[in-house]
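2 protein chains.
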Amino acid sequence: MTQPIQTLKGFRDFLPQEKRARDYVADKIKETFELFGFEPIETPTLEYASLLTGKYGEEADKLVYTFEDRGGRKVGLRYDQTVPTARILAQYQQLLPKYFRRYNIQNVFRADKPQAGRYREFTQCDPDIFGSTSPLADAEIIAVTYWALKNIGFNPQLIINDRQVLFTTLSPFATNTVSVASIIQTIDKLDKMTQEAVVTELSNKGLTPERAKNCLECIKDALPTENLKTILKMLPRLGVDENNFGFNPSIARGLDYYTGMIFEVKLPEYDNGSVGGGGRYDNLIKQLGGPDIPAVGIGLGFDRIVEAAIKLQLIPDFSSSATILIGAIDETCGQYLLESATSFRKNGVKTEIYPAIDKPGKILSYANKQKYPYVSIIGPDEASKGVVTLKNMTTGEQTTAPLDELISTLKP
Amino acid sequence: MTQPIQTLKGFRDFLPQEKRARDYVADKIKETFELFGFEPIETPTLEYASLLTGKYGEEADKLVYTFEDRGGRKVGLRYDQTVPTARILAQYQQLLPKYFRRYNIQNVFRADKPQAGRYREFTQCDPDIFGSTSPLADAEIIAVTYWALKNIGFNPQLIINDRQVLFTTLSPFATNTVSVASIIQTIDKLDKMTQEAVVTELSNKGLTPERAKNCLECIKDALPTENLKTILKMLPRLGVDENNFGFNPSIARGLDYYTGMIFEVKLPEYDNGSVGGGGRYDNLIKQLGGPDIPAVGIGLGFDRIVEAAIKLQLIPDFSSSATILIGAIDETCGQYLLESATSFRKNGVKTEIYPAIDKPGKILSYANKQKYPYVSIIGPDEASKGVVTLKNMTTGEQTTAPLDELISTLKP
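Residue numbers (this note's numbering), protein chains in the order written: chain A, 13 to 424; chain B, 13 to 424.
Honestly, the hints are just simulated from the structure, not real lab data.
There are no misleading hints in this set.
Each pair may be met inside one copy or between any two copies, as identical chains are not told apart.
Okay, derived cross-link-like pairs now, BS3-like style, lysine-lysine, Cα gap no bigger than 27 Å in a straight line:
#1 Lys42 <-> Lys162
#2 Lys397 <-> Lys374
#3 Lys86 <-> Lys298
#4 Lys31 <-> Lys162
Isolated chain A, as found in the complex (with noise of 0.2 Å):
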């Protein structure tokens, strides 16, 4: 039978070595979110097509994955997470809590060109709080992003500002040709490019470059919003470090929908990308066909975050899913290695059995290649004495001892 015997173009697989950091990685971030009090939803795979198009423009209507079902129904891949939690607080409105605190943590599919870091299929982390104007919900959400990020072993920086400084202070400059929205975007490269290149956009889209120039001074000098300072003043007492946030006049996060506060989050261990970004979307929810409900919240690039954490070494190394491999060189010991497996079992010791009586040297060089942090190797002489034989396999270290001994060491 012949077949492709490959993933497709921008689809990963992951073995057992990454899929036990990204586990590990996303069991950090769902803690901190529920100790946060955040609720996870989760939401089919396939929505109706009509559901997941025309909501963010043209472009993004070409990233969806929509095809016709054998019923005839047009249908799509979930393209991102806050679309169809707008369908949840449509469908189930008199269900939900008034102030509505969801995580999703779910791949979304996007078919756009892959590339270094940019896949088909990602995973991405949305908490957001619903149902609030309060700047108490702004901060928690900047806070639970700083607090997932820490809890992984991150040093996160997060840089916040907020859409109405952007337009108080930009307005003036904008024109019949320019709008205020343009330079927006412009300014928001200001962390990407040079002055000078920012300034000649500008010059570009049609502003002098005097008033380019004093644009970018203008932006410079901008002062935070009264919300934006209640809100800032916050984020030490719900624990985030005031070497880890600070004001930005001039990030503007892309997405036109932010209303309030917007923050981006970056590692700068790793690298100047950013991990995630969020704000306040108080008139999206209803624009996506959802409740007209304030809203804010992030969304964390999982596959990125995981990245870091692996090249950072934030990952405890965890070279397999046991911590003993045991197994047996004589058909006659068998129900003594059954056993002593059964008993490190229920003392919560991950235990995997050599599927195969095999020579003591073969069990301990497929130990060592599949790096297990101990091996067992039950002969005869172990079984007939009731003891068990462990050998450290990082520090050639080896013990034989009533099993209840060497459980109590190994015990998690």
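Since chain A is already given, all that's left is putting chain B on it; use the hints.
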């Protein structure tokens, strides 16, 4: 904007309470799999359609969601976890251990007729051991299944057989027109049909009524193979209670690809249906395009297991993610509110901040409605004295004390 505010038929949303139950059960299963040394892997949701179709026959092919992507590739949604795993085994042969224990917990998609308990997107939990023909591997698969369910709180029943028992016993009854496979298919129904009905079906297939009756008697008296005896003897040593498993010579597990031990899992406290089935399938991986490698495993139906766990009340009653809802009645206590919440959180107490300044009655009735175990309302009095008042929403009991004291009683 008009749009369907609904999910596609056969697809489901999971709101917080159900999602928490699912996460709880998934974690338990994962924990047990890893306790037995199984390694997690993840495969993409989309694969080449040619990989997914032509594997399990025409009927199955009709259930695969396939479509053409924007690049003109024929693609399809994951239909099961065995086919992608066969691809993994082929594609990464050099990287994988000789004895590869892996598990997948992922969603699969079937364009099936939706009906009670049958969905178009559902979750499968599959642990398998590849590379070993030893009965140790068969026993491990049965044991891990038992423990995964036991650790959730079930009292599972494992019904075990060997395909060889069926072949040896039933081959003499096969004729030119009635194959042994066809006889096995009918015998497999003894579980759901009366003996008379089975005899009738066999007669309809072409056996004389006498032969049909005789066939039934023979299968009832059949004895386990030597191989199966070895496996069954191992189970108690792997901690599987004698009361929880048994040999049943008539179960056949419909699918043709099994080559040795086969088994089925039921939760008799819940209902008489099966929540999973598996066995040894030494030729399938090669047939699916993978390497020629022996395999034994089981597929557990996650959705039915969750349903049973909810019904049997095996899931701890966490009515909300947060243990405490904490709110302030006055702007002046905002600082103290945030600091209190942060202290709770730093000690692992799941805490949700009520995202508004509100009247005590409002906060209390919200906490009551949303079923938080505890509520804490911060007023100027608490803030000035440096205490927190905590109300147990189950007992109605109210305690006012310094934060540290309350934390020590709530700390997980």
